[in-house]
Amino acid sequence: MGQSFHQKINPIENGVKGMSRDYILEMLNITKEFPGVKALDNVQLKVKKGTVHALMGENGAGKSTLMKILIGIYTPDSGIIKFDGEELKFSSIKTALDKGISMIHQELSPIPNMTVAENIFLGREPSYGFTGWVKAKELEEKTRQLFEKLEIDIDPNAKMADLSIANTQMVEIAKAISYNSKLIIMDEPTSAITEKEVNHLFKIIRSLKKDGVSIIYITHKMDELSQITDEVTVLRDGKYVGTKPSTQITKDELIEMMVGRELNQIFNKKQVEIVEIKEVALSVKNLSKKSKFENVSFEVRKGEILGFAGLMGSGRTEVLESVFGITPPDSGEIYINGKKVNIRSTRDAIKYGMGLLTEDRKLTGLFLPLSVQDNMITVNINEYTKGGFLKQKKIHADCKTLSEQLAIKTPSLNQIIKYLSGGNQQKALIARWLLRDPDILFLDEPTRGIDVGAKSEIYNLIFDLAEKGKAIVVISSEMPEILGLSDRILVMHEGRKMGELSREEATQEKIMKLATGELSKV
Amino acid sequence: MSSQVSVVDKREKSKVSSSSKEKVSRILNRYGMLFILIALIILMSILSPTFFTTGNLLNIVRQMSVVGIVAIGVTIVIITTGIDLSSGSVIALVSVAAASFAHPDTYPLIVPIAIGLGLGLLTGVINGTIISKAKIAPFIVTLGMMTAARGAALLITDGRPVGNLSDSFKFIGQGSVLGIPVPIIIFGVVGLISYILLNKTKFGKYVYAIGGNEQAAMIAGVNVDRYKIFVYGYAGLLSGVAGIILTSRISSGQPTAGVMYELDAIAAAVIGGTSLAGGIGAIGGTIIGALIIGVMNNGLDLLNVSPYWQQILKGVIITVAVFIDSRKNRKS
Amino acid sequence: MKVQKRLILFIILLLLSAAFISGCGEKQESSQQTSSQSGEKDKIVIGAALPDFDDKWLSYLQDGMKEYEKAQKDVEVIYVDAMNDASKQLSQVENFIQQKVDAIVLVPVDTVSAPEMVNKANEANVPIVVVNRQYEGVENATAYVGSESIKAGLMQMEEVAKLLNGKGNIAIMNGQMGHEAQIKRTEGNKQIIEKHPDMKVVLEGTAEWDRAKGMTLMENWLQSGKKIDAVVSNNDEMAIGAIMALEDAGKLEDVVVAGIDATPDALEYVKSGKLKVTVFQNAKGQGQGGLEIAIKAAKGENVEKFNWIPYELVTKDNVEEYIKKWQ
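Residue numbers (the working numbering), protein chains in the order written: chain A, 1 to 522; chain B, 1 to 332; chain C, 1 to 327.
The shape of chain A in the complex, shown without the other chains (with noise of 0.2 Å):
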């Protein structure tokens, strides 16, 4: 059915309202091959000026590519590109800034000893003519204006590396706007801070509008389609889906435009009550970590899920952290099924049962260079050893049984894990737990920065482990998500437990106002 549905959509004239404006960006039947794939075919992007423009599609729908041709990473096959009513031929990012388009990255890549506004200013400081000599006051006076007139509260001396992930986003998002261009590409800019910053960022971007910069809003998160966007262009597979007014389009038709079936319900859970009540799997009392977080209470139960909301630095990877064993807690105790236990490093943990998905999956996930094999084999390792020898045949079988129940998209199970999508890379690292079979899991952010189909398999997959008894603690920045999984909800609050939700109670309000601290139900 996917088929006639992109057929209504004319993807020339899409009929906007108050026409007559013009295109400050025409990408058309742009096509990119790369040795074996087909990155885009024929593809087409038209921005307006003065608006922002989303682009979506799930991961390798081809997003990144038509945008690296854009600012002159790659150069297309075929195609033409107008920019302010002249055609382009970029050769290099120096002439796209140069004729007036930046872009925010999705991967930050902040120099982390210089300070802000070096890096800001990086390869275009004052300097005294030919000797290179940096006028080191000007240059903090242009970033602190540059801060004043987007309100941003940071340091230009303070070092990169001392920041937050949140406030390095902003810093990102200032350095792109210091170019002065006409049209500004925005790579997932939330997907690294919190509600507050993105309120601010909405702000910046309204008010870049109404100085008729365009922006082009790459993002995931449906919700700010409407909050943010004019217009919104969706790709699949390489390929241009369609273009509509962000208004007039709804969260289902958008899903269904990018993965091509019908999503009904991201969140099927059956709606099974937990009637009994089960036993406590995990226990832990008044945990503490001097500078980490203090007197941190909480149980869960087998089947349960349960939910850890707060902002960015409040404390909840680190408690988990703690449990875990990579950093042991100064003070409090931890019960597993009733006993009391002594961790003191993370082989402690897995021997009682418990495995961890961690938030950073480059950082602290994966093993870039290996096989998706031998990345799912790691936690479970010593059961297919023999003697010292690794059980080759059972080892592939295994992995290749819950490849296929994870649905894990890959050639094979040898190729190198560097190469999988996101989602397919977060599968396998669950499926490194799952071999393991633990009964309590910890996800934090099990779902950051994949596309909204693995998004629905990854969510579908956790509600089948609880439903098997596993004892689950989610930790997740998206309102949605949190209040979607969990049957219980516990916010934090720089450290500190701010309450407990239950599923009924549980609403994006209380919660933040939780996690805000503006509130406490302890």
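Rather than coming from a laboratory, the hints here were simulated on the basis of the structure.
Just so it is clear, the structure is predicted and the values come from calculations on it, not from any experiment.
There may be inaccurate statements among the hints.
[Said to hold, decoys possible] Pair ranges (Cβ atoms, derived):
1) C:Lys88 with B:Ala134: 26 to 36 Å
2) A:Lys49 with B:Ala39: 39 to 49 Å
3) A:Lys159 with B:Ala277: 17 to 27 Å
4) C:His179 with B:Ala134: 36 to 46 Å
5) B:Val320 with C:Leu16: 44 to 54 Å
6) C:Gly250 with B:Leu109: 47 to 57 Å
7) B:Asn199 with A:Pro245: 26 to 36 Å
8) A:Pro411 with C:Leu16: 47 to 57 Å
9) C:Gln4 with B:Ala134: 39 to 49 Å
10) C:Lys88 with A:Lys159: 34 to 44 Å
Where is the CB? At the ideal position from N, CA and C, for every residue including glycine.
Take the given structure of chain A and dock chains B and C to it, following the hints.
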């Protein structure tokens, strides 16, 4: 539901069409250096009529066996993102220590061998312990061991060689079995054992995991400290093996032996495709890397190339080989 | 045995320091150096600046100095090791001058930085005796004691030429390229070869003074199939390596091998007839001579500018004499 299946099918298809090309590039990836080795052998055979003879080929492998064995240990260390600069000096220390127990009619053969291997293992374990427990960079720790072990070798011998070795000890480096020189046999056995360790055992999987992402390995329950000590211990042990062979081959314990061997070993590993960034590397590649160096040394000597030019050429060939290797990795 | 005892001591030391480092982590102890100002003024104090205590041959030279020092009354020698670092040696010489030693014995790290050190000593009116390494302008020093490197090459090659009856193919095994001894010895070899029209250099390579590398180089040369009548090596260690490779190939009978240095190991090879020629550079003689002249200069006596300690040719005929010297 049906449309979901079709989406998956389409993706699978595009993966399949790209995978045949992937296969070609994978073969190039895996065997690129082998092609370079073969090309070098063909080139040398054309330039020198005596190059491609059984005698000379055995000669090359025997000459490279000492550095080759060291390189295997170093490869495993590098896979864990470490480095071992102490190998050459440990060879010297092992050399004088083993030699001093290998005089005729003193101790049975097993004693000097055990002393040599034990001492090599010990230096490696010390390296590994300091690196993992005190969290000091491998470069610094092994640099320290490099200096200390060389100093110790000179100190305990007053800088003079230890000669007069028993015939049974000399057999290790000079004898042959069924026409194959003993050093080559030992090289082969060490290569095989190391291959099995790295590819067929838990130890190997953990080595790659630690190199791929140490933090992730720790979270997955790998006892990272212990395996690092194993890895450096094994590298030290192999330096011990190399030291014994070298000592036996030159019939004397030399406190100045093995100078710069660590760099030859690292070069062999890197030419063989081991990534200094960790997580990537294979025993077969390292052996090929060692042979490339061996063929170059031998061929340039055969052709009577001036010693100055030899150094320049070696530098150029090493850089070019690694350059080609890195280009090809980037493409995939 | 001495070697074994020291080995055990070293291992204990290693283990202790490893335990210390991994145990206490950051803790550091600053070892205080008590600099002993050795200066009762009736004694003659000589400063001896040596390039490298670890060098085998130099250790014999130092032995020569120590023996001579023991035989003298009221002479104290301070030995310092520059660890092959010229700038370090310069500051050591400056320290000697500051300490007001009565004379300096200098074995230069390299011949480029030596004139500077000699000038410093001259300015301070401290007698300075340069030993072993000659350079242009060495006459500015109080005296020079040593042997001429090129003479060793000449002497070695003359004997080889005699053994080959003035004709044949020669392979030259160089030490580390660029070292003074390598350059001069090979130059001496070639001067003699040029005098004999029937002799020519067919192979030349470097084995960096090292026995194992000498062996490898010889093996490769043998594989080249070139006819070799003599291997002339810049030092004994490489020559021994060559002998071992030749023995393996069963070709030692056909090839004359010659070295330089007359180390104890090499003398055994001369004795057994495997090494035909070596040249004795009298390490102890140079050390002893250097110190002797420095003491004379310190006392204000007149000394000769150039004091040649002659090279001595060692062959099977006179080898016993040299073996005794080392005992």
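Hints, one by one, checked against the model:
1. At roughly 29 Å, the beta-carbon separation of C:Lys88 and B:Ala134 lies within the given 26 to 36 Å, and the hint holds.
2. Judged by the Cβ atoms, the range 39 to 49 Å given for A:Lys49 and B:Ala39 is violated: they are separated by roughly 59 Å.
3. The hinted window of 17 to 27 Å between A:Lys159 and B:Ala277 holds, with their beta carbons roughly 25 Å apart.
4. Between C:His179 and B:Ala134 the beta carbons are some 39 Å apart, a value that agrees with the proposed interval 36 to 46 Å.
5. At about 46 Å, the beta-carbon gap between B:Val320 and C:Leu16 stays in the expected band of 44 to 54 Å.
6. In this structure the hint that C:Gly250 and B:Leu109 lie 47 to 57 Å apart at CB is violated, the actual value being about 26 Å.
7. The hinted range of 26 to 36 Å is not satisfied by B:Asn199 and A:Pro245, whose Cβ atoms lie roughly 57 Å apart.
8. In this structure the supplied range 47 to 57 Å holds for A:Pro411 paired with C:Leu16, their Cβ-Cβ distance being about 55 Å.
9. Taking 39 to 49 Å as the suggested C-beta distance range, the pair C:Gln4 and B:Ala134 does not conform, at roughly 30 Å.
10. Roughly 38 Å separates the CB atoms of C:Lys88 and A:Lys159, a value that falls within the hinted 34 to 44 Å.
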